[in-house]
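Peer 1: Now for the letters of each chain:
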Amino acid sequence: MEILFNPILLLLATAKDVLPVLGLLVVFQTLVLKRPIPRPGRIIFGFGAVLVGMACFLGGLDLAIFPVGRAMALQLVEGALSGEKVTWTAYGWVYLFAFLVGFSTTIAEPSLIAVANKAHEASRKAISSWGLRIAVAIGVSIGITLGTFRIVTGTPLYLYIMAGYVVVVIQTIFAPRMIIPLAYDSGGVTTSTVTVPLVAALGLGLASNVPGRNPVMDGFGLIAFASLFPIISVLGYAQLVQWSVQRRSRKKIESEAKP
Amino acid sequence: MQGTVNHEYGKTIPLVFRSQKIRGIFNALWLQYLIMPLAILTEFSAALGRALLGASRDLAPIITIIALFQVLVLQQPFPELFSILAGLGLVIVGLALFVVGLDIGLFPLGETLAEEFALKGSLFWLLFFAFLLGTGTTVAEPALIAVTREGAKAVAAAELIENSAASIDRYALGVRLTVALSVGAAIVLGVLRILRGWSLPVLIIGGYTLVMLMTFFAPKEIVGLAYDLGGVTTSTVTVPLVTALGVGLARTIRGRDPLTDGFGLIALASLMPMIFVMLFGLIVH
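For the record, the sequence lines run as chains A and B. For the first sequence, this note's numbering begins at 2 and goes up steadily by one. For the second sequence, this note's numbering begins at 674 and goes up steadily by one.
Be careful, since some hints might not be right.
As the list claims (entries may be wrong) - Coverage of chain A stretches by chain B, computed from C-beta distances (three or more under 8 angstroms per stretch; other residues unrestricted):
no.: 1; segment: 14-26
no.: 2; segment: 33-43
no.: 3; segment: 241-249
To be verified - Below, simulated DSSO-like cross-link-like pairs (lysine-lysine); rule was C-alpha separation at most 27 angstroms, straight line:
no.: 4; chain 1: B; residue 1: Lys893; chain 2: A; residue 2: Lys35
no.: 5; chain 1: B; residue 1: Lys793; chain 2: B; residue 2: Lys893
no.: 6; chain 1: A; residue 1: Lys17; chain 2: A; residue 2: Lys126
no.: 7; chain 1: A; residue 1: Lys35; chain 2: A; residue 2: Lys126
no.: 8; chain 1: A; residue 1: Lys17; chain 2: A; residue 2: Lys35
no.: 9; chain 1: A; residue 1: Lys17; chain 2: B; residue 2: Lys826
Worth flagging that the hints you see were computed from the coordinates, not collected in a lab. Where is the CB? At the ideal position from N, CA and C, for every residue including glycine.
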């Protein structure tokens, strides 16, 4: 991680991630489709901006967000352990912190912003970009809170995940059809640049500090929680919207029926 | 293309029209080369201004929460306040540049490609492209590299493989390649779904059932890792590009709706690695 403090190395590392993708797009456009590249100036400029933006973003995360996040996870666990009796309820602040961190990192997640804007556009503005982002963020925060609870109590991971999948399957049957693909996608979208490293740091920090937990066995799983619960919350959000629309139209019909 | 893009921040539409008007007035070819970069620059700086405001608004919650916890709950002063403030500034500038750059560069190119593939109708090249896009963007994913290394250490600690640096590296690389191939396969499957109009819930629920069944047979040490890898693979570069591909394809093909058919690629890309990694665990152990 120390390497990332060096801006030139960071820019090179980002270029290594982004340039193959640009190369792939350009090769297919010119060699396979045999078409000129539309507005090459804009595209080069845009890629430059993405590159510099990602490098700044990752560098900033390493400088500000991660050290603070790690230090706070450690301090919160120490606080919980200093009490007289150490039961799972002693970790109240840890749960609250997990919840709030899950919510706020998801709101700022660049790929979620991109997908929410695409959904807003693809649904002809029926889906509000903010509504979707908030629904996903609530899902992630509930997921991460449950995940920290699991690490503290040491219950098996697959039980939670299985129960979650069953809920998803039931919701899929009842939710409005048009939201289903988007809801499934929002599970994977949430867990990228900001969320994964911060949440992984929280999980490993918890698992290595809570007595009786093994970081290699219990530290994993938080990301799985964070990708499962947004599916449930987005499907739930769509069901809620559908329900309120139906109720409103029913009321309207009733009031019109009355003389 | 540009007329269809309407984003919450980084709104580029009116500026594109303005730059086209400028180009209409200075129609001479040599002037165009002079005006073009200028037009991009003015458009870019205005969009960046809005994106900076948007990014500050997006990051305000996490900053508030960390500050409140530090001051009220832990009651400790911030360590190294200066470097934290500098880092926050970098995060805001980086987020704004990233969003604007995606709007100008990545999204238009990805959508043009998707539309031209759909018009050309060459299934082989489209699927080949989809596979390369999935595999290529995943193999170099920094989060994936970090998580597979941790996972290999965990497996070595459980004495399922030899506990030496060489065998840990080999195992981590094996998992990474497995994940990259599975994402490629997932994007191919997702593109086929869009083309053929298969039902996404059937695919996803079928996949989850498979994941559950395999959980019972796969070695315990790899299950947590496999579950996590599903979420890790879909990175900041992959997600916007794959979404643009899906929505672009669905928009171009008759009888497909961008909302119901365009999405779903990411869901498959997060499901497939779980199946493949558990399979990898079954074969290796």
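Peer 1: Which of the stated hints cannot be reconciled with the structure, identified by number in ascending sequence?
Peer 2: Per hint list: 3, 4, 5, 6 and 7 violated.
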